[in-house]
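Chemist: Using the sequences and the hints, build the whole thing.
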Amino acid sequence: MESSREKSIVEFFKAKTILVTGSTGFLAKIFVEKLLRVQADVERVFLLIRAADAASAMQRLEDEILGKELFNALKEKHGDGFQSFARSKLWPVAGDIVHENLGIQDSNLVNELYDVSLNINVLGAKHVLQFAKQCVKLEMFLHVSTAYVSGTERSGLIPEKRLSMGETLRSGSNSCYLDIEAEIDLVEKKKVELQADHNLTPIAQKLAMKELGMQRFFGWPNTYVFTKAMGEMVLGHSRGNLPLVIVRPSIITSILRDPLPGWIEGIRTTDIFMMAYADRKLQSFPGDPQMTVDLIPGDMVVNAMMATTVAHSKQQSEFIYHVGSSTRNPITYDSLLQCWFDYFSVYPRTGKDGTPLKITRKMNPSIRTTFLIMVYKFLLQVLGLIHFITCGFIFGRLYDDLNRKYKYLKLLIDLFEPYTFFKGRFDDANLEKLRAMMGKEEMFEMDSKHIEWNSYLHGIHIPGILKYE
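Just so we're aligned: 190 in the working numbering is position 209 of the sequence shown, and the numbers increase by one with no gaps anywhere.
There is no bait here: all hints are sound.
Cross-link-like lysine to aspartate or glutamate pairs, in silico, EDC-like; alpha carbons within 20 Å at most:
no.	residue 1	residue 2
1	K187	D166
2	K191	E93
3	K262	D381
4	K448	D323
5	K191	E169
6	K191	E164
7	K58	D22
8	K430	E413
9	K56	E43
10	K187	E169
11	K171	D160
12	K262	D382
13	K(-5)	D22
14	K430	D408
15	K70	E43
16	K172	E93
17	K262	E450
18	K(-12)	E24
19	K262	E398
20	K70	D22
21	K49	E450
Cβ-Cβ distance ranges computed for the label pairs, FRET-style:
no.	residue 1	residue 2	range
22	Q176	G332	42 to 52 Å
23	G221	G332	53 to 63 Å
24	D61	R378	55 to 65 Å
25	K171	S326	48 to 58 Å
26	A(-4)	D323	45 to 55 Å
27	P444	R378	27 to 37 Å
28	S(-11)	R385	50 to 60 Å
29	Q264	E(-8)	49 to 59 Å
30	E398	R68	41 to 51 Å
Note that these hints are calculated values from the structure, not bench results.
Cβ coordinates follow ideal geometry from the N, Cα and C atoms, glycine included.
Modeler: If you want it as structure tokens, here you go:
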């Protein structure tokens, strides 16, 4: 039976009109499916889809959203009437948040490279906000960010605190003002400069833009998190009286409960290490095994998104919510590595030749990653010299194999070391207050304390990764 609070959440979305950006993304699909499943009387859900025209947007809706197994429960519920139901509720709109007015031409609706990340996470947020301000009956603007906008150098309990315009994570003599407009201008000038240099290949241009982003972190660990932080600043500074909820999930994993346990799209974050371990490409884990890894299932994030939307509808203020597990139900990297070993020692992956890739030992946590990289590099230099002197006749295959492992390990370390040594825990006091108001949750479960990690990882998440990789 629904609790009164759960019923109020369901009722809130009745006859509502909703715009979803990033609608072909993992989290957005879970949100759209949940919305249609719990409230069939939602008025319309406009889905902003990057496409050349309305027909292309409709095709992407059919292929990349409704065509997913995630929507099977809805298809079974509506039977032959599913297509007519979906078409009456979901309205694909060709557009792109990197353009003003979202690039919308449809009359139905009135890491990464530094330039791409800026366009999506900063200018995109700005353009969506500008568009939202034109919606006179707007009740809520919900923005999904990341908990790691706080950076990865902090320790202890990290509060749900808004980011002020221009603040950086640098301190002392290195502190400075972050001028977002100057960053945008810098990127535009750099793009013009790179395009004017005809000696640069497209790949070289991309590498140069990526390098620019790496120089501009201001204390954040990577381009994605840095631009997400700037996006939050822009929204908070420019919202005016617009009701704004910023949801900051930690590391999003596969669906825990409904509608399809284990469903996920793509391999992300910690799962990259897991698959490399299962395929026997990597035996050493570059991180501190006693640190907490903050995982949160995608359906819990969506439930929090829906609950916070209802809780703060029409409230002309800004609200920040961490959605994670590190405070209420922490799991360490060591426990995670043990889960991987337990699973793949029983259910090994299969090699290209069809033989099982037997796992005989737990992944070795190594907190001395810099030393490990130096060892690999030294061995490569020695083998490379012998390889050169003998014209490739000696140690050629060994050199190539070691070089591939070196590049792979270095890439993983560069990407994830800030997280695998992260000593912080994300305070979720605001979400806890909301959970207390809701009482016992079933339909909108968002309490990470109810996750039994071994059961979830062994029985749901790892099988889901293997099925949907």
